[in-house]
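Engineer: The hints should help you fit chains B and C with the ligands onto chain A, whose structure is shown.
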Amino acid sequence: MTPAVGKPLDRVDGRQKVTGTARFAAEYDLPGLAHGVIVTSTVAKGRVTAFDTAAAERAPGVLAVVTPKNAPKLRPTEPFGSSETKPVAGTTTAPVLQSDQVFWYGQPIAVVVAGTLDQAKYAAHLVRVTYDAKPAELTLDSKGRVFVPDKVQQEEPEITIGDAEGALTAAAVKMDHTYTTPQHNHNAIEPHATVAAWDGGKLTVYDTTQFVFGVRYDLATRFGLKLDDVRVLAPFVGGGFGGKGGAWPQAFLAATAAKVVGRPVKLVLGRDQVYACVGGRTPTRQRVALGADAGGKLTTLIHTGRTSTSTTNTFTEQFNFPARHLYASPNIHLAQELIELDVCPPTFMRGPGECPGTFALESGMDELAVALKLDPVELRLRNDPDKDPTRGTPFSLRKYKEALKLGAEKFGWARRTPEPGSMKDGRLLVGLGVASAFYPVYRMPSSARVEVTAAGTALVQCGCQEMGMGTATAQAQIAADLLGLPVDRVKFELGDTALPFAMVAGGSSQTISVAAAVTAAVAALKTALLALAEKADGSPLKGLKAADVAFRDGGLARADDPKAGESFGAILARAGRKAVDAKAEVKPGDEAKKLSMQSYGAQFCEVRVDPDFGTVRIKRFVGAFDVGRVINAKTARSQFIGGITMGLGMALLEETHRDPRTGRLVNADLAEYMVPVHADVPALEAYWVGDPDPHTPMGAHGIGEIGITGVAAAVANAVYHATGKRIRDLPITPERLMSAARESPR
Amino acid sequence: MNPFDYARAAGAAAAVTQVAASPRAKFLAGGTTLIDLMKLHVETPDTLVDIGRLPLDKVEAVAGGGLAVGANVRNSDLAYHDAVLARFPVLSEALLSGASPQLRNAATVGGNLLQRTRCPYFRDGVSPCNKRAPGSGCAALGGHNRGNAVLGGSESCIATSASDMCVAMAVLNVTIKTQGPKGERAIPFADFYLVPGETPERETVLDHGELIVGVEWPALPAGAKSHYLKVRDRASYQFALASAAVVLEVAGGVVTTARVALGGVATKPWRVPDAEKLLVGRKPTAEAFAAAAEVATKGAVPRTFNGFKVALVRRVIVRALETVAAG
Amino acid sequence: MPPDPDPDRRDFIQGVAAGGLGVALLSTAGPGVAAADPPTGPGRAIPVQLTVNGQDHALTLDPRISLLDALREVLHLTGTKKGCDHGQCGACTVLVDGRRVNACLTLAASVAGSPVRTVEGLATGDDLHPLQAAFIKHDAFQCGYCTPGQLCSAVGLLKEAHATTDDEVREQMSGNLCRCGAYPNVVAAVQEVRLAARDAR
Ligand SMILES: Cc1cc2nc3c(=O)[nH]c(=O)nc-3n(C[C@H](O)[C@H](O)[C@H](O)COP(=O)(O)OP(=O)(O)OC[C@H]3O[C@@H](n4cnc5c(N)ncnc54)[C@H](O)[C@@H]3O)c2cc1C
Ligand code: SF4
Ligand code: FES
Ligand code: FES
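Chains as they are written, first to last, in our numbering: chain A, 1 to 746; chain B, 747 to 1073; chain C, 1074 to 1274.
The following block holds chain A by itself, in its conformation from the complex:
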C-alpha cells in the first residue's frame, strides 16, 4: 500500500458539502426552538439610561426581551491569553447584559426572543434605547491610552540588537517609510450563530467556533457550571479565519436567552451584527527603515509601529514577527505599541501580525532594492541568514532560498525588465512584483482517541475543528498510514467537546498538534492490541514487544516479517472483543525553544494597471512555500490559493470604514466591504519545496495562514513596477493611484 500522506485525495466530507447535508450550527433544529435577535448599541461609549421595551414586548410572537434589567446574573469571563493552562477564550471583558455600560458602537445590549425569526427581528427593531453618551477614542491618532504590551504572543515586544538608528544614518543605501493598513473584517460567509438548549442544569450548544473547548470553558465560567455540564458542538464551521477563534457573544447570549424563555434558542448574527460585535483586524501604522551596504547586505533593520486594542481586551497584532526571522542584519530594532480605543475588540485574522507586517517589511525590501538598483529576488537571497537573526538559534528547517528560486522559475521572473513602466500590454501597464511570505510554526497540546474494529475499520476522534482546511481528510490520511489501513476505512470525528481535548484551530497549529496526538494514540493502540495477542498460543505475534511489530494491512505484523501477522479481526475475535481503543494526550516538547521554527515562502504577482482609471487587475499569481511535508496536495493547494485570494482583497479592496464622528462602521456589509469576487481572481498557482521538517510531527508545518502573508506587498511591488508609484497605504484604490506621483529611483 502506498502511503496516503502526500496524496491529492478528495475531501472525505466533500459529498456532504456538495449535497447540502453538511450541517452548520444554525441548522440544528430542536423541539420548541425559539429565535433570538440581538439589539446593539448606537453610541460608542457611555451607558444606557433607559430601555423602552413595551412595543417590542407587545409585538406578535415575542417571548421575552432580555436586557440587563432581567438577564440572569453571569460571572465575568476569563479573557483569551489570560491563562497558559486553561482553555480561556473570552473575547471581551465587557459585562454584556450585566450592566448598562457601553464600550463600543454595536455592542450587544439586549436580546429579543420570539417564536419566529421575522417576529424576533421586527420586535428587536421596536426596542427604544436612550443613552448617556461619552466622547469616544476611535482612531490610531486619538487620545486613547498608548502603552507597550508586556508580551507579544509570549515574546518580548521590543528587540534591540546593535545600534539600528546609528547604522541607518551611516548606511550607504537606505529607505525609511511609514506604511498603513486599515481595519479588516474576516467575513466568513457563515455568520456567527448558536443554538443553545438547557436540560435542567446542563447546557448544550451548537456554535460557529474554531474552539469548542474554549467556548465550553467560557460558558461554564459565565454560567458557573461544571465543564462536564456543558457540551459544545461545531461539526462544520463555514469559514473562520480567526473570527471564530474566541468565545464571541452569540454563544452566551443564546444560552442566556434560552434560560430566560425556557426553550432552546437559535441566535444568528446578521451580517451587520457580525461586523458590530465580532472584532476584526486592527489597523496598523508601521515604520520600516532599512539600510544596506553597496553590495546589498543589510546593515540595519527597523520595524516599529502602532496597532489598536480595545478597552475590553488586550490584543497585539504582532506585525514585527517576520522581521525577527527573515533577514540577517547586524543592527535590528523592532518595537510595537498599542492604543486603547472604544471599539469592538480587535482579534486574530488570518496571519495576524505576519500579514500586515509582511506588507510593510516586504514593501520596504522592494524600496531598498530599487534604491540599490538590485533585483529584489537577488536582494533577498543576499540577506538569507544562517541562524535565526534575533534569537541566534539554528533553524529546524529553512528552505527559504529554495522557495524563492522555485517561485521565480515557475513565474518566469527572468522576463521582468527592471525599469518601472517598461512593460506594457496595449494601453495597460504591466508590473511584476515579489515579496516574502512568512509564518511561524506553532504547536499546541492535543489529545486523540483511536479505535479499531474487528471489521478492519478505524475511528479516530479529536475535538478539533473543520472550517475548510480539510481536517478530517488530512488526519484520516495520517491515521490510515499509521494503522496500515486504506483511507476509506478510517473515519475521523471532530468538533465536539465530548471528544478528546484540542486547542483552538488557530495559528496554523492544528494539523501538526492533532497529528502528534493521533500518532501517540496509535502507538498506545498498538500496545493495547498486542496485549491481546502476545500471550495467545498460535498467534504469530506471541511473545513480541511493541517495538517488534508494526501495523500492516489491517492488522499487526512482525516488523521484520510482514507475512507473520494477524488481522484486527483475528486478534479481536480470539479475545472476544468487537473493538479496541486507546487514547493519548500530547504536549509539544522544548524544540521551539531550542530551534527557530518558521515557514517561508515567496509570492510573485503580475498586474495590469489602467493608467487612466487607477484600476489594478491581477493577471497572474504564483506562491512558492517552504512548509515542511505536505499532507494532502489537493487541500494544501486550496489553503494556499485561498490565503492568496484573501491577500489580493487586502491589497486592492478591503477596508472597514469607521465613522470617526460616531464610531459606527459605515460599510458593514458584503456590498460595501469588498472581498474579491470570482472575476478578481485569475488561475492561481501554488508550489512547495516539500522537504520535511525533522522536528515536527509528520515533518509538516501548518499551512492555513502563510498563503496570505506577503501577498499585499507582492501586489504593491508589482504596481510600483508597472507605474513607478509606490502605494504605502492599503488598499491600493483608484484614487490613491490617480493621486500618487511617480517616484523616480535615486
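Think of the hints as simulated: they come from the structure by calculation, not from any bench.
None of these values were measured; they are calculated from a predicted model.
Accuracy of the hints is not assured; some may be wrong.
[Said to hold, decoys possible] Covered stretches of chain B (chain A as the covering partner; in silico rule of three or more C-beta atoms under 8 Å from a C-beta of chain A):
id, stretch
1, 869 to 878
2, 980 to 988
3, 1057 to 1066
[Stated by the list, open to error] Using C-beta positions, here's what the derived DEER-type ranges look like:
id, chain 1, residue 1, chain 2, residue 2, range
4, B, P801, C, E1233, 21 to 31 Å
5, C, T1133, B, D953, 28 to 38 Å
6, B, V1026, C, A1234, 36 to 46 Å
[Stated by the list, open to error] If you want the footprint, here are the derived chain A segments under chain B, 3+ residues with CB under 8 Å:
id, stretch
7, 301 to 307
8, 608 to 618
9, 636 to 642
10, 654 to 665
Backbone N, C-alpha and C define an ideal beta-carbon position, used for all residues, glycine too.
Structural biologist: Showing chains B and C with the ligands alone in chain A's frame:
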C-alpha cells in the same frame, strides 16, 4: 420587516387601485431593492401588491426601429435580447455590468428604474438622513462619502443614483409609460427623475399608486454607435465609481450625433447636454473628447472622499467616446 | 443527554402563526417575558403552496418570510445557506423556474406556483449531479458554506449558456462570494462540466 399584507395583483388596473387605496402600500416586482430595504426597516410598507407576474413582460419592436419593453422584463432577459444586443449595445452592456446574474434574473425594468440609492447612511436606518427621515440632516456630507455624488447634489442630499441601466436609458431617449390613479402618462426620461434639492425624499415625478407599465425608445441614428463603460474597484458585482453611456455618430469626419450620460457620480442618471453640443460638428479627436469631458463635469462639487470621481469620470467619458469612435 | 438534533423534525414550529405559539408557551417562561398579543393589523398569515425539488408543501406563512427562511426554518431544507440576507453574497442561490435567483430577497409567497430547486435537488438518488462530482474532484470548496449557492449558480450558468471562456465563467459566477477562496477551482469544475456537456452533444 414590519408586518404587511401580501396580495398578488390580478391585473394592472387592479394593482393601481390596490396601491392607491393605501398610502403605505407598494408594488413588489423583483424585490431586490424593496425586500432589501424592508429588511433594513428603511421601507416600511403595510401592503405589498405583487406585480411580478403581470404580463408586462414583452419586448416589442416599434415603428421606426425602436423598442417597447414591458416593466416586468427581467434585466437579464433584456440584456441578452437579440435586438438589444444588435442595436442598443449600450443598454446590454449597462445591464450586464450591474449586480450579479442571479440578481439580474429577478430585477425588472420597472424596479430598476426605481431602485434606491446605496448611500450607507440612508441604508443604516439610524444616521441623520434627509432622504429617509426628512429634516434629520445628511450624515454623508461630513461622513464617509466616497460613493456619493459630485453632480446634482444639494446641501440636503448627495445620494448617488445607483442604476447602470438608467444611465444607458438616458442616452436612448426613453419614454416611461405609466398607468395611475389619474390615468395613463408617457413621461420623457429627462423629466422623470428629480434632483434632491430641499426634498431628497422625492425622487421621481410618479404619483403614489402610479404603475410603470413599460418603457419605449426610438431607433438610434443610422450610423450611430453606443457603448457603456463602468469603472469600479472590484472587477464585478459592484456599483459604479464612475460610468458613462455614450452614443456617437460620425459622418464625413465630424460628429453628427453625440449623447453622453454619467453614472456613479450624480444624484440622477446624468445627461450632459453642454458636452454633447460641444462635440457635434467637431472632429472625433482626443482633444474634443477631453474638452467635452471637462464641460460635462462643470459645477461638480467634490466632498471629502469623492473628489477623485471628477477626474475619473472625465477619463471614463473620454475612454468611452474613444472606444465608440474607434468602432 | 444532548437534546435531539434530528434535522428531520417537521412537527414543531412550522414558522406559522407562531404568535399563538408564543402565548401558549408563556407559562414556562421566566422573568422579563412579555405578553404576546395576537397579531392585529397587517401581517395576516397566508396560504402558500411551495414546490421544492418536486415536492409540494401546503404551508401557511407569515407574508414576511423569505424563500430562504422558508426553506431553512420551515421546511428544514438547510442546504441553502444564508450569508448576508441582502443579495450580496449568493450563498442563498436557488433555481426558481430553472433560473438562479437569491432566495434571501425573494418572498416565499411570490414563488408559490413556481418550481424551486435547491442543492438538495441536484443529485439523482445517489448519483451526484456532474457539477457536484466536479466540485469534489477539483476541490472547489473548503468550508463548504458557499458551495450550495455556487452549485445552483453554476447550474443556472450552464443553462443560460452565455459563458464560454474562463473569464466569462468568472464574470458569470461573480454573484457567489467564496471567502475561503476556492474560485479557481470552481472555474475549473464548471469548465470541465461545460466542456463535457458540449462534447456529448
Ligand atoms: C447586492 C446588489 C448589488 C446590485 N448591484 C447593482 C449594480 O451594480 N448596478 C445596478 O444598476 N443595480 C444594482 N443592483 C440593484 C438592482 O439592479 C435593483 O435592485 C433592481 O433593478 C430592482 O428591480 P426589482 O424588480 O427587483 O425592484 P423591486 O425591489 O421589486 O422594486 C423597487 C421599487 O420599484 C417599485 N416598482 C417596481 N416595479 C414597479 C412598477 N412597474 N411600477 C411602479 N413601481 C414599481 C417598487 O415598489 C419598489 O419601490 C444591485 C442590487 C443588489 C441587491
Ligand atoms: S446623501 Fe442623501 S441619502 Fe445619503 S445621508 Fe445624505 S440625505 Fe441621506
Ligand atoms: S444570503 Fe442571499 S445573497 Fe447572501
Ligand atoms: S468554501 Fe468557504 S466560503 Fe466558499
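Engineer: All the hints need checking, so say for each whether the structure fits it.
Structural biologist: Each hint, compared with the structure:
1. Residues of the stretch 869 to 878 of chain B lying with their CB closer than 8 Å to a CB of chain A number 3, which satisfies the three-residue condition for coverage.
2. Counting residues of the stretch 980 to 988 of chain B whose C-beta sits closer than 8 Å to any C-beta of chain A gives 7, which meets the bar of three, so the coverage hint holds.
3. Given as covered by chain A, the stretch 1057 to 1066 of chain B passes the check, having 6 residues with a CB less than 8 Å from a CB of that chain where 3 are the minimum.
4. Separation of B:P801 from C:E1233 is about 23 Å and conforms to the stated range, judged on CB atoms against 21 to 31 Å.
5. For C:T1133 and B:D953, the hinted distance range of 28 to 38 Å is satisfied, since their beta carbons lie about 35 Å from each other.
6. Distance hint for B:V1026 and C:A1234: a CB-CB separation of about 41 Å, consistent with the stated range 36 to 46 Å.
7. With a threshold of 8 Å between beta carbons, the proposed coverage of the stretch 301 to 307 of chain A by chain B is violated, since 0 of its residues qualify and at least three are required.
8. Chain B is given as covering the stretch 608 to 618 of chain A, and this holds because 5 residues of the stretch bring a CB closer than 8 Å to a CB of that chain, at least three being needed.
9. Residue count for the stretch 636 to 642 of chain A with a Cβ under 8 Å from a Cβ of chain B: 0. That is fewer than the three needed, and the coverage hint is violated.
10. For the stretch 654 to 665 of chain A, the proposed coverage by chain B is satisfied: 5 residues have a C-beta within less than 8 Å of a C-beta in that chain, meeting the threshold of three.
Hint violations for this structure: numbers 7 and 9, all remaining hints satisfied.
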